[in-house]
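Its first residue numbered 3, the sequence shown is counted upward by one per residue in my numbering.
Among the hints, a few may not be true.
Said to hold, decoys possible - Simulated restraints, written as ranges between beta carbons of each label pair:
#, residue 1, residue 2, range
1, 19, 73, 37 to 45 Å
2, 20, 136, 36 to 44 Å
3, 91, 124, 19 to 27 Å
4, 208, 15, 19 to 27 Å
5, 124, 19, 23 to 31 Å
Keep in mind that the hints were calculated from the coordinates and are not lab data.
Bear in mind that the values here come from a model prediction, so they are computed numbers and not experimental data.
Ideal placement from N, C-alpha and C gives every residue a C-beta, glycine not left out.
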Amino acid sequence: MKAVWNELTATQVAPPLWLVALSGLAALALVSYPPSWHVLRGLITIAHEGGHALAAVLTRRKLRGIRLHSDTSGVTLTRGNPTGPGMVATAAAGYVAPSLIGLGASWLVAAGRITLLLWAVLVLLVCMLLMIRNFFGAVALLAVGGAVFALSWFAPPNVQGACAYAAVWFLLLGGVRPILELQTKRRHGRAPDSDADQLARLTRVPGALWVLLFLLVSTASLAAGAYLLSARWLPFEV
Numbered sequence: 003m004k005a006v007w008n009e010l011t012a013t014q015v016a017p018p019l020w021l022v023a024l025s026g027l028a029a030l031a032l033v034s035y036p037p038s039w040h041v042l043r044g045l046i047t048i049a050h051e052g053g054h055a056l057a058a059v060l061t062r063r064k065l066r067g068i069r070l071h072s073d074t075s076g077v078t079l080t081r082g083n084p085t086g087p088g089m090v091a092t093a094a095a096g097y098v099a100p101s102l103i104g105l106g107a108s109w110l111v112a113a114g115r116i117t118l119l120l121w122a123v124l125v126l127l128v129c130m131l132l133m134i135r136n137f138f139g140a141v142a143l144l145a146v147g148g149a150v151f152a153l154s155w156f157a158p159p160n161v162q163g164a165c166a167y168a169a170v171w172f173l174l175l176g177g178v179r180p181i182l183e184l185q186t187k188r189r190h191g192r193a194p195d196s197d198a199d200q201l202a203r204l205t206r207v208p209g210a211l212w213v214l215l216f217l218l219v220s221t222a223s224l225a226a227g228a229y230l231l232s233a234r235w236l237p238f239e240v
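Full structure from sequences and hints, please.
See below:
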């Protein structure tokens, strides 16, 4: 058991700065280019629904299931008091989850804990898989989990590091775009039951302010994550 823990907590040498920057640019291109974003947005949806699910569990709501759809949408079903702090926390967790997960992952990556990050992701995916209630969602999680397992088990450390940096950049950057898309849909009246609008009905705080809060959290996470990923090459310390 000690040997396993030592393996999980072992540190890896940081990749060169050019590779960190290149992985960030690659993630930015994937998020910005519509065809690639249409395919990869489902990864952000997994984090989004996972955020709802985790908040529900932490606030002691009954988690009934998670569904992931081929159009990259998803839904998390919970049971409990339809109002109150637990419901507010559960509704608010989705849009900020990818950015906050990216921030936590950037801390692990910056510390060289690549193996620990990969296995933490696997554990979270398995937990989500137990709550999936549709075929597409199960296939999607198995595909992502299989890719992460193959990377952690078969790939050399330098490949693991490069992929981990790219994935973290993708979470940090990809966490911002759905929030901007949400406000665009709300402006055109195409998202009357969005998380922000549900929160507006629960709290009497306008939905636009909830979107602004989501955006502030995601951009702050992006800034902090970018600092963590590049801190060791900066000529000064904050």
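Results of checking the hints against the structure:
Between residue 19 and residue 73 the CB atoms are about 38 Å apart, so this pair conforms to the stated range of 37 to 45 Å. As the Cβ distance of residue 20 to residue 136 is approximately 42 Å, the hint placing it in 36 to 44 Å holds. About 26 Å separates the C-beta atoms of residue 91 and residue 124, a value consistent with the hinted range of 19 to 27 Å. Evaluation of the 19 to 27 Å hint for residue 208 and residue 15 yields a failure: the beta carbon distance comes to about 49 Å.
The given range of 23 to 31 Å is respected by residue 124 and residue 19, whose C-beta atoms sit roughly 29 Å from each other.
In terms of the numbered hints stated before, the structure departs from hint 4 and from no other.
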